[in-house]
Structures are given as C-alpha cells and as structure tokens.
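Visitor: For the record, the sequence lines run as chains C and W. If you read the first sequence in this note's numbering, its first letter stands for residue 1, the second for the next number, and so on. If you read the second sequence in this note's numbering, its first letter stands for residue 1001, the second for the next number, and so on.
Just so you know, the hints here were simulated from the structure itself, not pulled from any lab data. Hints may be right or wrong, so weigh each one.
Here are a few chain W residues that sit away from chain C, every Cβ distance over 12 Å (derived from the structure) [stated by the list, open to error]:
{"no.": "1", "residue": "V1031"}
{"no.": "2", "residue": "S1082"}
{"no.": "3", "residue": "L1189"}
{"no.": "4", "residue": "L1251"}
{"no.": "5", "residue": "L1252"}
Covered by chain W, per the in silico footprint, the following chain C stretches (three or more residues, Cβ under 8 Å) [claimed, not checked]:
{"no.": "6", "segment": "27-34"}
{"no.": "7", "segment": "52-58"}
Facing chain C, from chain W, some residues (calculated, C-beta under 8 Å) [unchecked claim]:
{"no.": "8", "residue": "H1017"}
{"no.": "9", "residue": "P1021"}
{"no.": "10", "residue": "I1023"}
{"no.": "11", "residue": "T1090"}
{"no.": "12", "residue": "G1193"}
{"no.": "13", "residue": "A1197"}
Glycine included, C-beta positions come from ideal geometry on N, C-alpha and C.
Chain by chain, the residues run as shown.
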Amino acid sequence: MEISGNLSLIGYGLSAIGPAIAVGLIFAAYINGVARQPEARGLLQPIAILGFALAEALAIFGLVLFFL
Amino acid sequence: MILTAPALPAAGGGEFHSPTPEIFWQPLFEVGGIVVTNQMAWAAIVTAVVSIALITLSRKAAVVPSKGQWLLEGFYNFPRNSVARDMIGTKEFRKFVPLIVTLFTMVLFYNLMGIFPFAMNPVTGKIGFPIALVAVVYVVYHWIGFQKMGFVGYFKHMVPPGLPGWIVPVVFLLELITYFITRPLTLALRLFGNMFAGHMVIYLFVTAGAYFLLDGGILLKFLSLPTFLMAGVMVLFEALVQFLQAFVFVLLTSSYIAGALADDH
C-alpha cells in the first residue's frame, strides 16, 4: 500500500494537541466556576473567552505554518 | 457577473483531489490591473445591504420603539453592553462604541457569508480583509495610548511597577513584542485561520460526498449519505464559530483599548 501526502499534515495534527488540551482546561475551569457560583457567570465569561482565544491562537499559528 | 460558489469538480474524473487553498482564489473580472474577486463583490454587497438596513431601522428612533427599532436595539446592545462597557469600563467606553459596534457588525456579516447559500464563501477567509480591519484597531489602540500617556509614558506603562531592576529590560522587550507584533498578528490570523479552515472543512465534506456518490463503488455510495450529513453539521458548527469569532474579535479589540487606557498595568 502506498501512502502519499504531506508530512507537515502530521506535524500540524501533533501541534494541535496542545491548544486542544488548553481549550479543554479553560472551559472545564469556567464550568467549574459557574457551577460553584452561578452569579459569577457574567464576570467569568469574558475571561474564559479571552483565554480560549489566546490558546486558540497557537493552533492558528500551526495552521498558517502548515501552508508555508 | 457570477456570484455563486465554484462548481464542484467534474464528475467521472476517477480520482479524488482534496481541496487546496486555491479554492479561495475566485477572480471575477479585471479593472486596470486590479482583479476583482468574488469575495470583494460580496463584501461590497453585504456592506451596502447592512448599511441600508441599519440606517432605515435607526432613522425613526422613538422613545416607544417600533418592532424594527426593538430588533436593532437588541443587536446593538450586545457589542455595546457585553463587550465595550464590560471590558473598557463605564467611564470611557462611550467614545469607542461606534468603533466596536461597526467592527462587530462587519466581521459578523463578512463571516456569515460563509454559510449564506448564494455566497458560501467567508469574505474574511481572504487574509486581506482581516489585515485591513486589524490595521484600524492597531492605529486606534496605539493612538489613544500615546495620547493619554505621552510618547515616553506609553512605553513606561508597558512595564508593571515594582519589578526588580535587572528584569525590567527583559519584560520591556517582551511587552514591546506583544504590543507591536504579537497582538495584531494573532488578531488578524485568528479570524482568517478560523474562517479559512472552516470553509476548507465544509468544502472537503461536500466534494468528498459528491465523489463517493458519483465515482465510488456500491459501498462508497452509501457512505456519501453520512458525508453529506456531516457537511450539514459542519455548516451549523461554522455558524457558531462565525458568531464566536466576531465576538472574540471585538472582545480582544476592547481589551487592547482598555489596556492602553489603564493607569495601572
């Protein structure tokens, strides 16, 4: 069996693991926080989204590097 | 002028080609050396339609709102209250509401072109559009920072007070890179990358489904049904991502503005 393709695809798959874990941890912490103190939702939501955006930026860098 | 999504690969080709970034290059016509692409045409159309809609809905603003005004206020209150007021603070946010609301509307509707049936192509999936939007944000948050703290003061404010002397140059360098390179770069690339990747995934599922159905054997023909279903699921997921990215874009913009306005670090 012959497999053809680009090796950087595997590299991008590997590099996406880190941000994926980070995003999972951020939202786990957010859900925990809201479950413990539902009235803190409004305060926590922008912080969670901000952290999510920063972690996601790493995955986006990987995507861009894949096409370079 | 053709304003539809590109035609699916010709059936009966035999071999499946996965989509490449070239699917985003859709020139329509050329005027004096400048090529007008599909995305540019859709950007112009959606800007015109949304502007007209916003102006007509807000023209007859009254204390007792009509149905249209009520809808518009619901839309307007989201970036104004949940983003600008919460991030910048009640004292100074009013000045930036026009910018934040405009950016939110533009990014949202440009993103939504990715699932709009006739376009099916996110305008922000072309890197030029995010760069242009981010250029505005970049100038604004540096401008207000310099205006508020002066040229030297702005650089001084990047380093938090109370650090030991030997670490100050290192932190200053890192903050300098963050303020002038990382922030605009991530802001533009995040929006572009999300729209680009999302569109590629939808395109892949649709073309793979078409390939399975038209060229595959009997088993693959059955596989085309879940593939098309998955394409539908991805369209719904993209709708969520497109809204979220518009929200994240203005959220980060107002957080940068708040950072440039803040007295402490």
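Visitor: Looking back at the numbered hints, which does the structure fail to meet, lowest number first?
Guide: 2, 3, 4, 5, 6, 8, 10 and 11
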